[in-house]
Amino acid sequence: MAYSEKVLDHYNNPRNVGSLDKKEADVGTGIVGAPECGDVMKLQIQVDKETGQIVEAKFKTYGCGSAIASSSLATEWVKGKTIDEALKIKNSDIVEELSLPPVKIHCSVLAEDAIRAAIEDYKKKQGTKDQEQ
Amino acid sequence: MKQNIRKRPIYMDYNATTPCDPKVVEAMLPFFTEKFGNPASRSHAYGWEAEEAVSMARRQVADLIGAGPKEIVFTSGATESDNLAIKGVAQMYGEKGKHVISCVTEHKAVLDSCKRLETWGYEVTFLPVDARGRIDLDELKKAIRDDTILVTLMAANNETGTLHPIEKIGEITREHGVLFHCDATQAIGKVDIDVDRAKIDLLSLSGHKIYGPKGVGALYVRRRNPRVRLVAQIDGGGHERGMRSGTLAVTQIVGLGKACSLLQEGMKQEVEHCRTLRDRLETSIMDQLDYVYINGDPDNRLPSMTNLSFAYVEGESLIMGMKDLAVSSGSACTSASLEPSYVLKAAGVEDELAHSSIRFSLGRFTKEEEIDVAVEQVVSAVRRLREMSPLYELVQEGVDLKTVQWEAH
Ligand SMILES: Cc1ncc(COP(=O)(O)O)c(C=O)c1O
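Each protein sequence line maps, in turn, to chains Y and P. Numbering of the first sequence is given in numbering that gives the first Met the number 0, commencing with residue 0 and proceeding in unit increments. Numbering of the second sequence is given in numbering that gives the first Met the number 0, commencing with residue 0 and proceeding in unit increments.
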C-alpha cells in the first residue's frame, strides 16, 4: 500500500508522542479502539482552566501507519485551540489533510473519537471538582 | 543502475514468490526464439525438439518427488493443480461417495475448491488445528467414512510453515482406500518428499516458489497402486493425456524442469543455508526483544522461515518501520478483508497477536549480512513503536490487558 507524503511524515516524525499524568485535574484522557481490532489510541489534553485553551496534547497509538498519523495530527490540531474549537474537528478534515484512502477512514474516525473522549474526561473531572467546591 | 539496486529492500518473502534462478532463465531463453515449436506438431523438427524438451522437464519434475514422468501433468500453477485434483477427483469418483476431508488452514486454492464441491452437493469435513497448527491424526481417522473419496492436506503451511505429517497421513488414507492429495507448493525444495514413501496419490507444486517462472506448475497423478483418474477441468485438444488441454507452455515447462533439477542437486546445502540464517534471525530478535512469540510449530516447520508476533505493536506499522525489508504480515491492514489471517486465527492466535505477526521467509539468495540488517531494523522498529504504544505502556504499568473494557468500533 502506498502512503501519502503526510502520513509518512507523521509516521516517521510523530508529533507529541508521550503521556501526561492522567491523575492531574487539568488533564483529560481518551482511550478508544480495541487491540483485537488492530488499533487503540490514547489521546491526552492539558487545559488551561482560565482560558479553556488546550495547552498541551500527547498521544500513544497502537495501529497502522494511518492510525498513528491521524492521532499525531489530532494532537497537533487541538493544541492552542479551546475545547469548543477542538470539538469542531471532524474526521473528514483528517481524511483530507492526510489523503487517507477509503479503507483507512476508520483511523480518522478513531482520532475524532479520541479527541472527544479526552475532552469528555476533562469535563467530567471539572464537573466533579465543581461539585466539591 | 547500481544505486537503484542498492535501494531495493532486502527480500524476505520467498514464500510469496522467488526470483528465477539465472540458470533457469538461461535454460528457457532458446525456447522463446529458435526452439519455439509446438510439442504437438509431430510432422517436423520444430515439434520434435519442443517435445523432447518437455519430456526432459517432465522427467526432472518427476525425479524430484520420486514419481514417473508419465505421472506429471503440467498446469498453470499450484492453484490450477489444486482445482484439478480436487474437482477432478470429486467428479470422477462422485458415484462412489461424496465426502472429502480437508483442513481449516489450507491455502485458498484448496479451501475454495472444497467449497465449490459443497455447492455441488458434496460434504467436506474441515479438520481443526491445535495451537501449533497441527491436525490430530485420530481426528482424521474418525472423520473417514464409507463415502469418503479424498483427503486433501498440505505438506507445509504457507503462513506458519507448520508441517503436516504426510507420511502418517498417507498411511491412514491408503489403509482406508481413500485418495490423498497433497498441496506441496511450499514444501518442495525445503523438505524431502517422495510420493511413494508418503503414499501420496496426487501432489500440487508450483514453479515460482522454487526459483522457476510464474505461470507454471504441475500435478502429480498416480498411475499405479492405485491408478488415479480425473475428470478434466479444461477441455480441448486432449493434451496431457486428456487431463489438461491447451498447447504446452514449453518455455515455462523447461524452466520448471530446470528449477527441479537444480533442487535435486543443491537442496541439501540450500536447506542448511536457510536454516542457519533463519535460526540466526530468530534468536537474535528474541534475544533483544521481549514479548515475541513464534507462530506455528517450532519443532516441525519449514527450515527457511519464521512467523513471529510482536505483541503490542501492529503489523502494518511495523512493516512501515522496516523500510529496507520486504516481508509480509498476518495483519488485517495488509489485506483487503480487514480480517487478520485465518491461518493464525484457526490456531487460536488472539486477534491482537495476529495483527502483530510478521512472516520472514528466506531462500537461496539470502545473505548473512542481510540477516544482520534485518535484525537491526526489526529491533529498532519494534522498540520505537512500543514507545508509541498505549498497550505496551499499560503492560509496563502492570495492567492485564484482558481486564480492560475496550470501546471497540
Ligand atoms: C500452499 C500453497 N498452495 C497454492 C498456492 C498457489 O500457487 P500458484 O501461485 O502457483 O497458483 C500457493 C501460493 O501462494 C501456496 O502457498
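Since the hints were made in silico from the structure, they are not lab data. Backbone N, C-alpha and C define an ideal beta-carbon position, used for all residues, glycine too. Don't take each hint at face value.
Stated by the list, open to error - Below 30 Å or equal to it, Euclidean Cα-Cα: the simulated BS3-like pairs (lysine-lysine) are:
{"hint": "1", "chain 1": "P", "residue 1": "Lys322", "chain 2": "Y", "residue 2": "Lys5"}
{"hint": "2", "chain 1": "Y", "residue 1": "Lys5", "chain 2": "P", "residue 2": "Lys6"}
{"hint": "3", "chain 1": "P", "residue 1": "Lys213", "chain 2": "P", "residue 2": "Lys6"}
{"hint": "4", "chain 1": "P", "residue 1": "Lys6", "chain 2": "Y", "residue 2": "Lys124"}
What the hints assert, rightly or not - Here chain Y is said to cover these stretches of chain P; the calculated rule only asks that three of the stretch's residues, wherever they fall, bring their Cβ under 8 Å from a Cβ of chain Y:
{"hint": "5", "region": "83-94"}
{"hint": "6", "region": "105-116"}
{"hint": "7", "region": "386-396"}
Stated by the list, open to error - Taking CB as the label site, the calculated pair distances span:
{"hint": "8", "chain 1": "Y", "residue 1": "Val54", "chain 2": "P", "residue 2": "Lys344", "range": "24 to 30 Å"}
{"hint": "9", "chain 1": "Y", "residue 1": "Pro100", "chain 2": "P", "residue 2": "Phe364", "range": "51 to 57 Å"}
{"hint": "10", "chain 1": "P", "residue 1": "Pro18", "chain 2": "Y", "residue 2": "Pro101", "range": "54 to 60 Å"}
{"hint": "11", "chain 1": "Y", "residue 1": "Glu75", "chain 2": "P", "residue 2": "Thr402", "range": "31 to 37 Å"}
{"hint": "12", "chain 1": "Y", "residue 1": "Glu35", "chain 2": "P", "residue 2": "Pro21", "range": "22 to 28 Å"}
{"hint": "13", "chain 1": "P", "residue 1": "Phe364", "chain 2": "Y", "residue 2": "Lys22", "range": "53 to 59 Å"}
{"hint": "14", "chain 1": "P", "residue 1": "Leu400", "chain 2": "Y", "residue 2": "Val54", "range": "54 to 60 Å"}
{"hint": "15", "chain 1": "P", "residue 1": "Leu400", "chain 2": "Y", "residue 2": "Thr127", "range": "26 to 32 Å"}
{"hint": "16", "chain 1": "Y", "residue 1": "Asp47", "chain 2": "P", "residue 2": "Asp298", "range": "31 to 37 Å"}
Checked hints:
1. Lys322(P) - Lys5(Y): holds, 17 Å
2. Lys5(Y) - Lys6(P): Holds, because 22 Å separates the two Cα atoms, which is no more than 30 Å.
3. Lys213(P) - Lys6(P): With a Cα-Cα distance of about 25 Å, the restraint between Lys213(P) and Lys6(P) holds, given a limit of 30 Å.
4. Lys6(P) - Lys124(Y): violated, 52 Å
5. 83-94: This one is violated; 0 residues, fewer than the three required, reach chain Y with a Cβ under 8 Å.
6. 105-116: Per the Cβ count (0), the hint is violated.
7. 386-396: holds (count 7)
8. Val54(Y) - Lys344(P): 24 to 30 Å: violated, 44 Å
9. Pro100(Y) - Phe364(P): 51 to 57 Å: Given a distance of about 33 Å, which is not inside 51 to 57 Å, the answer is violated.
10. Pro18(P) - Pro101(Y): 54 to 60 Å: violated, 34 Å
11. Glu75(Y) - Thr402(P): 31 to 37 Å: Holds, at about 33 Å.
12. Glu35(Y) - Pro21(P): 22 to 28 Å: Cβ of Glu35(Y) to Cβ of Pro21(P): about 46 Å, so the range 22 to 28 Å is violated.
13. Phe364(P) - Lys22(Y): 53 to 59 Å: Since the Cβ atoms of Phe364(P) and Lys22(Y) sit about 55 Å apart, the hinted range of 53 to 59 Å holds.
14. Leu400(P) - Val54(Y): 54 to 60 Å: violated, 31 Å
15. Leu400(P) - Thr127(Y): 26 to 32 Å: holds, 27 Å
16. Asp47(Y) - Asp298(P): 31 to 37 Å: For Asp298(P) against Asp47(Y), whose Cβ atoms are near 60 Å apart, the range 31 to 37 Å is violated.
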